[in-house]
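There are 2 protein chains.
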Amino acid sequence: MQITSRFTIAVHIITALDYFRDMDRVNSEFLAGSVGVNPVIVRTVIGKLREAGLVHTLKGSSGAELARPLDEITFYDIYEAVDSVNEDEGLFHFHEQPNPECPVGRNIHKAMDGRLAAVQNAMEAEMKRITLKDVMEDTRAEILKEAK
Amino acid sequence: MQITSRFTIAVHIITALDYFRDMDRVNSEFLAGSVGVNPVIVRTVIGKLREAGLVHTLKGSSGAELARPLDEITFYDIYEAVDSVNEDEGLFHFHEQPNPECPVGRNIHKAMDGRLAAVQNAMEAEMKRITLKDVMEDTRAEILKEAK
DNA sequence: GATAGTTGTAATATAGCATGTTACATCTTA
DNA sequence: TAAGATGTAACATGCTATATTACAACTATC
Numbered sequence: 096m097q098i099t100s101r102f103t104i105a106v107h108i109i110t111a112l113d114y115f116r117d118m119d120r121v122n123s124e125f126l127a128g129s130v131g132v133n134p135v136i137v138r139t140v141i142g143k144l145r146e147a148g149l150v151h152t153l154k155g156s157s158g159a160e161l162a163r164p165l166d167e168i169t170f171y172d173i174y175e176a177v178d179s180v181n182e183d184e185g186l187f188h189f190h191e192q193p194n195p196e197c198p199v200g201r202n203i204h205k206a207m208d209g210r211l212a213a214v215q216n217a218m219e220a221e222m223k224r225i226t227l228k229d230v231m232e233d234t235r236a237e238i239l240k241e242a243k
Numbered sequence: 096m097q098i099t100s101r102f103t104i105a106v107h108i109i110t111a112l113d114y115f116r117d118m119d120r121v122n123s124e125f126l127a128g129s130v131g132v133n134p135v136i137v138r139t140v141i142g143k144l145r146e147a148g149l150v151h152t153l154k155g156s157s158g159a160e161l162a163r164p165l166d167e168i169t170f171y172d173i174y175e176a177v178d179s180v181n182e183d184e185g186l187f188h189f190h191e192q193p194n195p196e197c198p199v200g201r202n203i204h205k206a207m208d209g210r211l212a213a214v215q216n217a218m219e220a221e222m223k224r225i226t227l228k229d230v231m232e233d234t235r236a237e238i239l240k241e242a243k
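Heads up: the sequence lines are chains A and B, in that order.
Take the position in the first sequence, starting the count at 1, then add 95; the result is the number in my numbering.
Take the position in the second sequence, starting the count at 1, then add 95; the result is the number in my numbering.
In short, the hints are calculated from the structure, not lab data.
A hint or two may mislead.
Mimicking SDA-like on lysine to any residue, the simulated pairs with C-alpha atoms at most 25 Å apart in a straight line are [what the hints assert, rightly or not]:
hint : chain 1 : residue 1 : chain 2 : residue 2
1    : A       : Lys223    : B       : Gln215
2    : B       : Lys205    : A       : Arg116
3    : A       : Lys223    : B       : Lys240
4    : A       : Lys143    : B       : Phe189
5    : A       : Lys228    : A       : Arg210
6    : B       : Lys205    : B       : Ala220
7    : B       : Lys240    : A       : Gly200
8    : A       : Lys243    : A       : Tyr114
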């Protein structure tokens with residue numbers, strides 16, 4: 096399994112929104128061109144970001160505006176915004192029918208839950224440490240390298 | 096997205112193999128009964144565990160034997176054994192067609208790769224800390240609680 | 001205020017993957 | 001030698017991610 100590409104698409108979009116901030120016509124079609132997906136995908140991802148309060152948009156009006164500075168938007172914010180993982184169950188998909196008549200079967204879920212949560216927490220903690228400013232800086236650094 | 100239930104199934108199987116160690120006929124059908132899935136699923140999961148060197152089996156002969164003590168089998172060992180995530184690409188699925196003619200598009204991948212790896216590493220590090228002995232102890236504790 | 005451009009969203013299509021199931025050759029054990 | 005088990009291939013099925021078309025509602029500009 097893998098975390099949906101919606102996540103990297105969202106990071107790409109926010110980076111592009113900032114990078115092309117002063118340009119006209121940074122609409123869903125332009126962004127779709129940069130990301131390499133259908134404009135409707137861009138609009139739905141931006142829709143999720145808007146619901147999460149990360150960007151502002153105006154229906155009918157081109158583009159989107161970041162609601163916060165880049166260093167206040169973390170990977171975790173985006174990961175949550177675009178529903179990267181199942182909200183109800185979390186990162187791990189537990190098999191659904193362990194046998195209640197078996198001592199292992201009826202207790203394994205409880206026995207594992209805390210450990211699975213610890214793994215997910217470790218991952219999410221790291222995501223909270225990484226901001227879009229980090230990505231922006233790395234992107235600009237790569238662009239500068241090209242110039243040489 | 097979610098990590099395949101093959102992972103929790105594998106943990107369940109190993110726990111059951113240990114718990115019912117002294118019982119006869121702990122075959123794929125018995126285990127399938129405890130886990131609540133088809134016996135063929137059990138055999139394929141055990142097959143992966145065998146390929147990874149975590150259990151020994153003998154074709155035609157019932158059951159499986161743990162290759163190492165429980166405290167030397169980590170969540171990470173199992174997660175790797177059962178191919179919980181894509182081997183080539185890792186935990187995150189990067190969108191596949193960023194535009195090489197766009198400065199952001201042709202650099203975003205390089206700019207993100209290190210950060211994505213850091214997230215995956217954080218998760219895997221936590222998985223390496225958790226052993227099947229931990230799960231076994233928690234399971235037995237839950238079983239004891241029932242007795243009261 | 002009319003027109004062109006844009007967003008938001010519903011509806012549908014499609015492909016890939018996880019899981020279920022049947023079947024059977026091959027092996028072990030008694 | 002017979003019964004029971006594994007290993008694995010082949011196929012079925014449902015779910016999810018992504019792509020795509022279509023269009024109503026809104027904005028910006030002339």
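Discussion item. When the structure is checked against the list of hints, which entries are broken? Sort them ascending.
Written reply: Violated hints: 3, 5; rest satisfied.
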